[in-house]
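Asks: Put chain B on the given structure of chain A with help from the hints.
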Amino acid sequence: MKARIKFRKYGVMKFIGHLDVMRYFQKVMRRAEIPIAFTGGCSPHMIMSFAQPLGVGLTSDGEYLDIELSSPVSREKAIKQMNQVMVEGMEVTDFTEISDDKKSSGMTITAAASYKVFLLASGENSDNRIHIPVKWRESCPHFLEEKEIFMWKKTKKSEKEVDIRPLIYDMRADEESIFLFLAAGSGQNLKPDLVMRAFLSYMGIDFHEKMPPFHYHRIDLYAEEKNTKAFISLSDTGV
Amino acid sequence: MRKLALNDEILLNIEKPARYIGNEVNSVMKDPEKVDIRFAMCFPDVYEIGMSHLGIQILYDMFNRRQDVWCERVYSPWIDLDKVMREKQIPLFALESQDPIKEFDFLGITIQYEMCYTNILQILDLSGIPIMAADRSENDPIVIGGGPCTYNPEPLADYFDLFYIGEGETVYGELLDAFKLCRKQGGSRRDYLEMAAGIEGIYVPSFYEVSYHEDGTIEDFYPVNPHAAETIKKQLVLDVSNTYYPEAPVVPFIKVTQDRVVLEIQRGCIRGCRFCQAGMLYRPLRERNVKMLKHYASQMLKNTGHEEISLSSLSSSDYSSLKELVTFLIEEFKGKGINISLPSLRIDAFSLDVMEKVQDVRKSSLTFAPEAGSQRMRDVINKGLTEDEILAGAGEAFEGGWNKVKLYFMLGLPYETKEDRRAVAELADKVARRYYEIPKEQRNGKCQITSSTSFFIPKPFTPFQWARMYTNEEYISYAADVKHAFQEQLNKKSLKYHWHDAEVTVLEGIFARGDRRSGAVILEAYRLGCIYDSWSDYFDYEKWLQAFKNTGIDMAFYNLRERSLDERLPWDFIDIGVSKEFLKREWERAKKAEITPNCKRKCAGCGAGKWKGGICIESKN
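Read top to bottom, the protein sequences are chains A and B. FYI, numbering that gives the first Met the number 0 numbers position 8 of the first sequence as 7, with every residue one higher than the one before it. FYI, numbering that gives the first Met the number 0 numbers position 460 of the second sequence as 459, with every residue one higher than the one before it.
So here's chain A without its partners, still in its complex pose (with noise of 0.2 Å):
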């Protein structure tokens, strides 16, 4: 049986890494007693995926990683069990369980990501927000209006120009935060910050490769439906 636990990342914890999640949430599963799979072999390890890395300085209402059990563990059980050994900062919210099938994991099956970016007064406080300015927002649709989007993007090994327009799925903005919709997963990614790199130099704002103080806030991870072609959220794939 295969679980996919949906958990939130908030507060100083956007300061911990991706692998360091990993290690966190193996720790969280002994102490959990979750009865989580282990590989075969002589050094086992835990089965477990997750479906997207967070980079640092980010936060997420919508973080996923799949588990295989080795024993059925009930929907409510598992989320308290797992909430009372976490930490301020980390929330599990959903568990739910999913097909064995290795094609829907949240690694293979991630599609989509919903941001929102917010605009902050300086960099030293993510919580400090202001308003985005009315020409941003105005421009949103216009800058969607673009046949194409070149940018310079890095890769592990290299860096290309690539037209980044068909991974920005929609965006638009209101005084709060900018709302971005892109391409993620293990195909075509796209991060929020080289979006709004294009989306200033689009509207003429010179930043000296110093980019205005924004905080970036991942609403959500989605998967492409086969049939329909609609973007469904990841916590919604359950059987």
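Check before you lean on any hint, since a few could be wrong.
No more than 25 Å apart at the CA atoms, straight line, and that leaves these computed lysine to any residue pairs for SDA-like [said to hold, decoys possible]: (1) K87/B to S51/B; (2) K79/A to S104/A; (3) K8/A to L11/B; (4) K153/A to E137/A; (5) K102/A to M45/A; (6) K301/B to M45/A; (7) K2/B to G54/B; (8) K254/B to N82/A; (9) K87/B to P212/A; (10) K333/B to K8/A; (11) K76/A to F332/B; (12) K82/B to S121/A; (13) K254/B to G56/A; (14) K79/A to M45/A; (15) K333/B to M0/A; (16) K8/A to I231/A.
Where chain B lies over chain A, by a calculated footprint (3+ residues, C-beta under 8 Å) [said to hold, decoys possible]: (17) 13-20; (18) 36-49; (19) 81-93; (20) 118-132.
Hint data in this document are derived by calculation from the structure and do not stem from the laboratory. Heads up, the beta-carbon is just placed ideally off N, CA and C, and yes, glycines get one too.
Replies: Chain B only, in chain A's frame:
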């Protein structure tokens, strides 16, 4: 929501911000309004090293069990943050509350090795606490030193208000109660130090003075305050099975050096190796009850979620219930994906059998510490290990499928000759030969015998405390002797040789046996920019040489002379139980390469029996 001392901009632009945010699982939060005493516990090195230290975990748990005390942690900010804090004048803070250290009642610093001394000054400096104890005001925290280096606290005497000599479990309660009483009575800092000086095991350096002979040796060391005792008695726990031990140690977010549950199975050691300071300081041997250890192993694994448990002690093979404990751990936890890591055990049938169960034989290597190459030298240091035993152990391991062996040695030992040094390579070659005695079709390719040498540093309270050390150049020539000998060995292609740096050795030697005057060099080196001296990337020997030059302190006086048996040594005022008479006897026996049997075989009358605990009072077979 949790508030941090450092802002986002700083934290997102330094390495591993998780070092500074606290909030770890099992870290203790309290309401500062509801406690009487704020205690900051410090390990003066980077977080990953400091968090791996068992002693602090024990004391952190012990202090926080008291409702009136909030004990928090603080470590050395790494080089990157150190720079930012100085530029922006951000005071050093504790991880839990994120409050400035300067606002605390106590700053307790554990002093585990000499090369962290400049980091101690960094901690004081970044906290805004005057570096010199004499300059501190009523509002500054009381700065306490503890740990193995405090058995010769003199080089640090000017920087600490008091030292706690010995194991922390015994008189900290008294020390804290005295603080509350003193405050209630409206007492001053000096009043408190006088009260503290009256507690067994507490040394207040400012209450003592030292006079010197013309040749620079100590003439006299004496108290100048009526509350200060002539000798300071080391503190030790007699019943180690009924004492403080954490059931829920703090679990770091980032990977630290000791990223596992640590179970201390015993304290002290029966072996009596003459170079080993821990072996003398922590006498007598005291074993923890196996029932207690099983309980703590289960609790700690459950409360931390760690995937590994490691046993800790000196000479673990001597623990009498080792088999029962290890069997329990394997049966109980191996199936739950928990790794069991064993400390260096004597290589015998039992330990090989256990290792086969808990490790991947093909990947792992076996470690032997013969410490010296020749049998004569092993007798000089009282290692109590013969060449036959080494070769038999290696042989068993090779037949069990291992083909990698690590050997540890020391160079620069008392009475060592060039022949003894060459014997290091010869012993390594004999181990390799033993491997190739196995028929080709039964062995697993080539063997790899890796030998490492470090340079011996005489430590206080050991039989070698009177021994001389050597110069940097001499040490390098000793390593060269060994290297040349390796090139002549039959199996040289299967042998590897590494040696440790000599510059650090020289400095460690000076501070290990330094007196009060030597402390000035530490401050001068710190002023010249020395910090993180135990990290080879940051160690700057040239700056240290400059500091010696600037302070006029002579390295040769501390390192290059053999001390006479009647010389007053800087640490003579501390009573560790083991008597100076015993150490002298052992120094004489070393000269004649005579071995002394271990405590289980025959009591050598070392003096530790006066504590009336552990092996000294247990019935001897």
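Asks: Could you grab the alpha-carbon distance between K8/A and I231/A and see if it respects the 25 Å cut-off?
Replies: 21 Å, holds
Asks: Take a quick look at whether K333/B and M0/A sit within 25 Å of each other, Cα to Cα.
Replies: 23 Å, holds
Asks: Can you tell me if the region 81-93 of chain A counts as covered by chain B, using C-beta to C-beta distances under 8 Å and a minimum of three residues?
Replies: This one holds; 4 residues, not fewer than the three required, reach chain B with a Cβ under 8 Å.
Asks: For K2/B and G54/B, compute the direct alpha-carbon distance and say whether it is at most 25 Å.
Replies: 28 Å, violated
Asks: Can the restraint linking K79/A and M45/A be considered satisfied, given a maximum Cα separation of 25 Å?
Replies: 21 Å, holds
Asks: Tell me if the straight-line CA distance from K102/A to M45/A falls inside 25 Å.
Replies: Roughly 19 Å between the alpha carbons, so the hint for K102/A and M45/A holds.
Asks: Hinted pair, alpha-carbon criterion (25 Å max): K333/B, K8/A. Please report holds or violated.
Replies: 32 Å, violated
Asks: For the pair supplied as a hint, K87/B and P212/A, confirm whether the alpha-carbon distance does not exceed 25 Å.
Replies: 20 Å, holds
Asks: Between K8/A and L11/B, does the CA-CA distance stay at or below 25 Å?
Replies: 16 Å, holds
Asks: For the pair supplied as a hint, K301/B and M45/A, confirm whether the alpha-carbon distance does not exceed 25 Å.
Replies: 16 Å, holds
Asks: Within the region 118-132 of chain A, is the number of residues with a Cβ closer than 8 Å to a Cβ of chain B three or more?
Replies: holds (count 5)
Asks: So if I understand the rule, the pair passes when the alpha-carbon distance is 25 Å or less; does K79/A with S104/A pass?
Replies: Distance ~24 Å between K79/A and S104/A Cα, so the pair holds.
Checked against the numbered hints given earlier, the structure breaks hints 1, 4, 7 and 10 and satisfies all the rest.
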